[in-house]
Amino acid sequence: MSSDTVEKTADNSATIFDKLNLSERSWKFYAAASVPPIVAAGLALWYYSSRSSEPSKKEDKKRRQRKAKKAKKASKATDRDDGASSPSSIATAEKSTENIGAGSIASLDGDEESPESMSDAQVAALDKETAKKLAQSLKSRGNKFFQAKRYPKAIELYTQALRFDKDPVFYSNRAACYAADDEHEKVIDDCTSALKLEPRYVKALMRRAQAYENTDRFRDSLYDFTTACILEDFNNNLAASSAERVLKRLAEAEARERVEKREPRLPSASFISGYLNSFRSSGEEAKAAGAETLSEADARYNEALSFIALQEYSKAIESIDKAAEATEKAEASSISCADDIYSLRGMFNFLRSNLEQSLADLDKALEINPNHVRTFLRKANLFTEKKDIDEVGRLLDRAAEVEPENAEVYFQKGQVHFLKQEFVEAAKDYERAAQLDPEFVYPRIQLGVVQFKTGKMQEAMTTFDEAMKKFPTRSDLYNYYGEVLAEQGGSDSAINAFEKAIELDKSNPLPYVNQAIAVFQSTGNADKALTLIRDALKVDSECELAVAALSQIYLQLGMFEESLTMLRRAVDLAKSEEEMVSAITFRETTAAQYRFMKEHPELLNKMMMGAMQQ
Numbered sequence: 010m011s012s013d014t015v016e017k018t019a020d021n022s023a024t025i026f027d028k029l030n031l032s033e034r035s036w037k038f039y040a041a042a043s044v045p046p047i048v049a050a051g052l053a054l055w056y057y058s059s060r061s062s063e064p065s066k067k068e069d070k071k072r073r074q075r076k077a078k079k080a081k082k083a084s085k086a087t088d089r090d091d092g093a094s095s096p097s098s099i100a101t102a103e104k105s106t107e108n109i110g111a112g113s114i115a116s117l118d119g120d121e122e123s124p125e126s127m128s129d130a131q132v133a134a135l136d137k138e139t140a141k142k143l144a145q146s147l148k149s150r151g152n153k154f155f156q157a158k159r160y161p162k163a164i165e166l167y168t169q170a171l172r173f174d175k176d177p178v179f180y181s182n183r184a185a186c187y188a189a190d191d192e193h194e195k196v197i198d199d200c201t202s203a204l205k206l207e208p209r210y211v212k213a214l215m216r217r218a219q220a221y222e223n224t225d226r227f228r229d230s231l232y233d234f235t236t237a238c239i240l241e242d243f244n245n246n247l248a249a250s251s252a253e254r255v256l257k258r259l260a261e262a263e264a265r266e267r268v269e270k271r272e273p274r275l276p277s278a279s280f281i282s283g284y285l286n287s288f289r290s291s292g293e294e295a296k297a298a299g300a301e302t303l304s305e306a307d308a309r310y311n312e313a314l315s316f317i318a319l320q321e322y323s324k325a326i327e328s329i330d331k332a333a334e335a336t337e338k339a340e341a342s343s344i345s346c347a348d349d350i351y352s353l354r355g356m357f358n359f360l361r362s363n364l365e366q367s368l369a370d371l372d373k374a375l376e377i378n379p380n381h382v383r384t385f386l387r388k389a390n391l392f393t394e395k396k397d398i399d400e401v402g403r404l405l406d407r408a409a410e411v412e413p414e415n416a417e418v419y420f421q422k423g424q425v426h427f428l429k430q431e432f433v434e435a436a437k438d439y440e441r442a443a444q445l446d447p448e449f450v451y452p453r454i455q456l457g458v459v460q461f462k463t464g465k466m467q468e469a470m471t472t473f474d475e476a477m478k479k480f481p482t483r484s485d486l487y488n489y490y491g492e493v494l495a496e497q498g499g500s501d502s503a504i505n506a507f508e509k510a511i512e513l514d515k516s517n518p519l520p521y522v523n524q525a526i527a528v529f530q531s532t533g534n535a536d537k538a539l540t541l542i543r544d545a546l547k548v549d550s551e552c553e554l555a556v557a558a559l560s561q562i563y564l565q566l567g568m569f570e571e572s573l574t575m576l577r578r579a580v581d582l583a584k585s586e587e588e589m590v591s592a593i594t595f596r597e598t599t600a601a602q603y604r605f606m607k608e609h610p611e612l613l614n615k616m617m618m619g620a621m622q623q
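Residue numbering for the sequence shown follows my numbering, starting at 10 and increasing by one per position.
Everything labelled a hint here was simulated from the structure, so no lab data went into it. Be aware that one or more of the hints could be misleading.
In silico lysine to any residue, SDA-like type, Cα no more than 25 Å apart, as pairs [what the hints assert, rightly or not]:
| hint | residue 1 | residue 2 |
| --- | --- | --- |
| 1 | K331 | L303 |
| 2 | K396 | V382 |
| 3 | K547 | T532 |
| 4 | K437 | E448 |
| 5 | K257 | E586 |
| 6 | K373 | F316 |
| 7 | K296 | S323 |
| 8 | K396 | D581 |
| 9 | K338 | E293 |
| 10 | K212 | R228 |
| 11 | K395 | L364 |
| 12 | K547 | G533 |
| 13 | K331 | Q366 |
| 14 | K547 | Q565 |
| 15 | K175 | H609 |
| 16 | K205 | N223 |
| 17 | K137 | M127 |
| 18 | K396 | E365 |
| 19 | K465 | R441 |
| 20 | K212 | R159 |
| 21 | K373 | G292 |
| 22 | K465 | E440 |
| 23 | K257 | L240 |
| 24 | K479 | S282 |
| 25 | K212 | E192 |
| 26 | K395 | R271 |
| 27 | K396 | R254 |
| 28 | K537 | E508 |
| 29 | K175 | Y160 |
| 30 | K479 | M466 |
| 31 | K396 | S282 |
Simulated restraints on C-beta separations [said to hold, decoys possible]:
| hint | residue 1 | residue 2 | range |
| --- | --- | --- | --- |
| 32 | T463 | S250 | 34 to 40 Å |
| 33 | L566 | K338 | 55 to 61 Å |
| 34 | A297 | P481 | 35 to 41 Å |
Being a predicted model, the structure only gives us computed values, none of them experimental. Glycine included, each C-beta is placed from N, C-alpha and C at the ideal position.
Just need the whole structure built from these sequences, with the hints factored in.
Take a look at the structure:
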């Protein structure tokens, strides 16, 4: 696994935004912060976190019980601003209104009558105070019927109350009745009416948000939950947890649909280069035996290797596909490198996130050559992506059995330990890899990173110093050194390291982005940071990290439209469904925040104060 590209293995919380140390913040932070902070770039390793297994039947039962309790609680959720106590008998409630004292209204012939029987003209003739008292009486009766789950009668009484007084509480209470009967559109209509009267009415927001969620209008639901959370100073845990739930549903649904529809595609050229550079070789050229000429398959395979060396990866894929086609048509014995052909095609399918075809290709390579170590390593990458770390360990152990002195095997073992945060074991494997192949730079880089993480600062500095003396022209070495320095708070030293990395290789976008983030964090120089990121995008227009960083800097500068444009681009560039979920999450959080600011500009200061308290 590449030091650049272990993100292929991460779950939906470990994506390109994690490199900006953004996803560690809570949802409430992003909803509150009109100027969310950019922090230094993190390490270019992504952390493995196992997903929970499928719920057991016992867990399903508990979930149903919780749901039943929640429904029971919701049935009591009408507003009781008039202080109504537990309901008296419904029979009594039906026979008369509650005593409203001096506000009683006599009919034209002198007899008292219930408010429901009054005509519109009679209602219009009432003074404001009397009308309100009658409305409250009707609402109180409605509450009692609601508590008794007599929803049609409660709806009737709340509707009558609205004839006397257009109180937002009455709309909200009637919405609660509709919610109990799953009439979600009516819930939305009544809550919207309530919010027109009182835009900061949190109960109406919460009810409408739930109705939007129940009708799969997740974006509107997210906005209402977000607004409720902000209005209550981020102390409404239900609003916050509901927003997170809806955000997850929205992002996962969109990501799933996008992945199903889109064709497999290669990630950015810089991503592929970083992945390939972590291996000692992509493969050895096929050679003809004696006076024989190369087969069509072998020639195409060599052609693919040449295109890889030129970083023309699309052409390399075309060549390796043709090599595989020629292999299938020819006699197996006539192909000298059939195992290499399928292994290389499997690698490219892995990079395109076509995991099913990748696995088929890699298995075919091992069928031809059961001891093909490079295929074991590539297959281990695939199973790391699948979160099957046990299978990864088995594959790497098998590779070590075949070639016990192979430095790449120990480097990959170290990467797995690193992902699991088993840093002591990782360091041992990196040291072993560096001993076996002194010219392999990545074990030295990762050893220094591990030493930093375990607090062995002097050892880490020595490791990097020795590596930079041995590999003075390796741009990626200085880039990773800068990332470590930035994580430790050494912004000036980190900026210098990134500058050196750019000087050594102007075609690598990562040090441009890392330097931009370090500059922005340490000096606040937005112009310099934006220039560096734009330079990165000139080098590689599909660099995911550059797009993500640019979106966040725009957000800090209050340039919401520009930030959202970059976040939409990040969604398009996402390599896997997990990365797409993360990009969509940030896009939707930003969009909800922006919408709130446009619709509630008077509350901007409230948002700022909330952000400071997180």
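Hints, verified against the model:
no., hint, result
1, K331 - L303, "holds (15 Å)"
2, K396 - V382, "holds (21 Å)"
3, K547 - T532, "holds (24 Å)"
4, K437 - E448, "holds (18 Å)"
5, K257 - E586, "holds (13 Å)"
6, K373 - F316, "holds (23 Å)"
7, K296 - S323, "holds (24 Å)"
8, K396 - D581, "holds (24 Å)"
9, K338 - E293, "holds (23 Å)"
10, K212 - R228, "holds (19 Å)"
11, K395 - L364, "holds (9 Å)"
12, K547 - G533, "holds (23 Å)"
13, K331 - Q366, "holds (16 Å)"
14, K547 - Q565, "holds (23 Å)"
15, K175 - H609, "holds (23 Å)"
16, K205 - N223, "holds (22 Å)"
17, K137 - M127, "holds (16 Å)"
18, K396 - E365, "holds (15 Å)"
19, K465 - R441, "holds (18 Å)"
20, K212 - R159, "holds (21 Å)"
21, K373 - G292, "holds (17 Å)"
22, K465 - E440, "holds (15 Å)"
23, K257 - L240, "holds (22 Å)"
24, K479 - S282, "holds (22 Å)"
25, K212 - E192, "holds (17 Å)"
26, K395 - R271, "holds (20 Å)"
27, K396 - R254, "holds (23 Å)"
28, K537 - E508, "holds (13 Å)"
29, K175 - Y160, "holds (20 Å)"
30, K479 - M466, "holds (20 Å)"
31, K396 - S282, "holds (23 Å)"
32, T463 - S250: 34 to 40 Å, "holds (35 Å)"
33, L566 - K338: 55 to 61 Å, "holds (58 Å)"
34, A297 - P481: 35 to 41 Å, "holds (39 Å)"
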